[in-house]
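Enquirer: Protein sequence lines correspond, in order, to chains V and L. Counting in the numbering used here, the first sequence runs from 1 upward without gaps. Counting in the numbering used here, the second sequence runs from 1 upward without gaps.
Careful: at least some of the hints might be erroneous.
The list makes no distinction among identical chains, and a pair is therefore deemed to hold if it is satisfied within one copy or across any two copies.
Unchecked claim - Okay, derived cross-link-like pairs now, SDA-like style, lysine to any residue, Cα gap no bigger than 25 Å in a straight line:
| id | residue 1 | residue 2 |
| --- | --- | --- |
| 1 | Lys217 | Thr54 |
| 2 | Lys127 | Ser306 |
| 3 | Lys127 | Arg60 |
| 4 | Lys127 | Met262 |
| 5 | Lys167 | Ile298 |
| 6 | Lys167 | Pro110 |
Hint data in this document are derived by calculation from the structure and do not stem from the laboratory.
There are 2 protein chains.
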Amino acid sequence: MATATAHRISRDEVVWAFGPDLVPVLEVEPGDVVTFETNDCFTGQIRSENDLVTEIDLGRINSATGPVAVRGAEPGDSLVAEIVDVRPIEWGVATLIPGFGQLIERVQAPLTRVFEVRDGWIRQTEKIRFPARPMVGVVGVATDGETLSNGLAGRHGGNLDNHLHGKGARIYFPVRQPGGMFAVGDMHASMGDGEICFTGVEIAGEVDVRFDVLKGKQATWPVTELAERWVAHATALEFDEALKLCAEEAARLLVDEHGFSMEDAFIFLSVACDAGIAQACKPAPGFGTIARFSIPNIEACPAPFSR
Amino acid sequence: MATATAHRISRDEVVWAFGPDLVPVLEVEPGDVVTFETNDCFTGQIRSENDLVTEIDLGRINSATGPVAVRGAEPGDSLVAEIVDVRPIEWGVATLIPGFGQLIERVQAPLTRVFEVRDGWIRQTEKIRFPARPMVGVVGVATDGETLSNGLAGRHGGNLDNHLHGKGARIYFPVRQPGGMFAVGDMHASMGDGEICFTGVEIAGEVDVRFDVLKGKQATWPVTELAERWVAHATALEFDEALKLCAEEAARLLVDEHGFSMEDAFIFLSVACDAGIAQACKPAPGFGTIARFSIPNIEACPAPFSR
Numbered sequence: 001m002a003t004a005t006a007h008r009i010s011r012d013e014v015v016w017a018f019g020p021d022l023v024p025v026l027e028v029e030p031g032d033v034v035t036f037e038t039n040d041c042f043t044g045q046i047r048s049e050n051d052l053v054t055e056i057d058l059g060r061i062n063s064a065t066g067p068v069a070v071r072g073a074e075p076g077d078s079l080v081a082e083i084v085d086v087r088p089i090e091w092g093v094a095t096l097i098p099g100f101g102q103l104i105e106r107v108q109a110p111l112t113r114v115f116e117v118r119d120g121w122i123r124q125t126e127k128i129r130f131p132a133r134p135m136v137g138v139v140g141v142a143t144d145g146e147t148l149s150n151g152l153a154g155r156h157g158g159n160l161d162n163h164l165h166g167k168g169a170r171i172y173f174p175v176r177q178p179g180g181m182f183a184v185g186d187m188h189a190s191m192g193d194g195e196i197c198f199t200g201v202e203i204a205g206e207v208d209v210r211f212d213v214l215k216g217k218q219a220t221w222p223v224t225e226l227a228e229r230w231v232a233h234a235t236a237l238e239f240d241e242a243l244k245l246c247a248e249e250a251a252r253l254l255v256d257e258h259g260f261s262m263e264d265a266f267i268f269l270s271v272a273c274d275a276g277i278a279q280a281c282k283p284a285p286g287f288g289t290i291a292r293f294s295i296p297n298i299e300a301c302p303a304p305f306s307r
Numbered sequence: 001m002a003t004a005t006a007h008r009i010s011r012d013e014v015v016w017a018f019g020p021d022l023v024p025v026l027e028v029e030p031g032d033v034v035t036f037e038t039n040d041c042f043t044g045q046i047r048s049e050n051d052l053v054t055e056i057d058l059g060r061i062n063s064a065t066g067p068v069a070v071r072g073a074e075p076g077d078s079l080v081a082e083i084v085d086v087r088p089i090e091w092g093v094a095t096l097i098p099g100f101g102q103l104i105e106r107v108q109a110p111l112t113r114v115f116e117v118r119d120g121w122i123r124q125t126e127k128i129r130f131p132a133r134p135m136v137g138v139v140g141v142a143t144d145g146e147t148l149s150n151g152l153a154g155r156h157g158g159n160l161d162n163h164l165h166g167k168g169a170r171i172y173f174p175v176r177q178p179g180g181m182f183a184v185g186d187m188h189a190s191m192g193d194g195e196i197c198f199t200g201v202e203i204a205g206e207v208d209v210r211f212d213v214l215k216g217k218q219a220t221w222p223v224t225e226l227a228e229r230w231v232a233h234a235t236a237l238e239f240d241e242a243l244k245l246c247a248e249e250a251a252r253l254l255v256d257e258h259g260f261s262m263e264d265a266f267i268f269l270s271v272a273c274d275a276g277i278a279q280a281c282k283p284a285p286g287f288g289t290i291a292r293f294s295i296p297n298i299e300a301c302p303a304p305f306s307r
């Protein structure tokens, strides 16, 4: 592995969609660390509780800083992005958006809430304070053909909105184009599983990412390795379909990489692994849902891929 | 609170359904601890990998030991059941059931797997070993009218199949009949969120429960208090509907018990709380799904109910 090298990409170097033809703003070696300055999902258009989501330019949503090409990453490989650190600034916002979310019929919307973020805590109101858990919502690589706006999730990643994508997560992306073409944005100081009002604590900041390449192996969707478990994802318009696809993806990795029979993979997923939700805001017109399966790092399958 | 008193109920004292007219086998005071001997969900009919789920008496499934009446528990109150300990025996079983589960079309079924459970670990095969997390699947109280077999979940509890219902969980049940009429069974040495093959590691054992009564307050479904969070539940045939109902239930508790505005409850659930799955095995003909919302025990809402 090459010696880690510091690189920095400005939050003015962004893409608004993941497609097949991304042009890199930086090329790095495996082992290099890059600091990405990221915009909040509204690109700074919402700065006070008087700024409403219905009044902003929706063409400037969910920017992702990059893309970065990693030398040696070729189609068929996995690009490994280790999130070394996530540093939000000291304020963020959440919004209630007309037509979005499980409780939207019970509230006044649009509405903006501004949060203070300091010393690992977030203040929603004078009374409501909760711990921060900084993570990135949009994180992905170039696609093999289609172009998907950053609000969407897919096999390339994109708006995965998984609260587990914080410090220490190692995300394996299926490389579809030479160099992979990695970009990241949409930081949240905190986001709950489900993200039922369609926003977390949306915030600008900096993300440090260390890159690596796993040759000749990839999953269908991004797969994430954590300290005590690894996590398969799948996306679909409806949550039931996403969960079924995610069970199939997790089982395929257990069978192909770790030698489980399909029967023992099915049983193991049922008795020892946790199905979950990354995002399932409903309604969310035009957007899909993201299912997750968490597999414990036991001796029989200590990582997504065998080594 | 009365001094804790030891009681024991045999695994021969069971109910197969929760209805309005349960007759108690024991009456206890608030503060009392009861040890429930529980059958595995198949009532011992599956003891080896030659015993198949298609060949057993399906009238003897999911027994719940009890019921226990708690003095002073009246309709409108919550019956609080604290799971003090869950002690599985040293072997359990899982099954693949024709027609059940996200991966059923990819496997041979029926199939039975026998697990060894010892020293906090579970052995599925020589290679696959994982940590135990003992919990109870069926846990509930009498209903206000309908009679639901123990395989079903509802506002009374029943087959909630929530892996968080292990040692230390305090479950608040809405009391619909005098005494509450609590029963418990369907222990799992481990069960994953989703329980996608429709079984966990099904096992017999003993459960110690301490009872209490919260006067004049109840939720719509059982609500569970843990060390670092509390958990609302909701059940429905489809997962999307269960999740929406669960968001409404969690928001109602935040608004009614903790003084949140509905807008701040919606935002807080989106940015700081985790939507999740207790059970979502699909297909599972005739059975519903169970959604969960986990709320952190912050100062603004340290428990399900204000005190």
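Enquirer: Now tell me, hint by hint, if it's right for this structure.
Expert: Going down the list of hints, with the structure as the test:
no., hint, in the structure
1, Lys217 <-> Thr54, "neither (43 Å within a copy, 40 Å between copies)"
2, Lys127 <-> Ser306, "between (48 Å within a copy, 15 Å between copies)"
3, Lys127 <-> Arg60, "neither (33 Å within a copy, 51 Å between copies)"
4, Lys127 <-> Met262, "between (50 Å within a copy, 15 Å between copies)"
5, Lys167 <-> Ile298, "both (22 Å within a copy, 23 Å between copies)"
6, Lys167 <-> Pro110, "neither (32 Å within a copy, 43 Å between copies)"
The structure is inconsistent with the numbered hints 1, 3, 6, although it conforms to all the rest.
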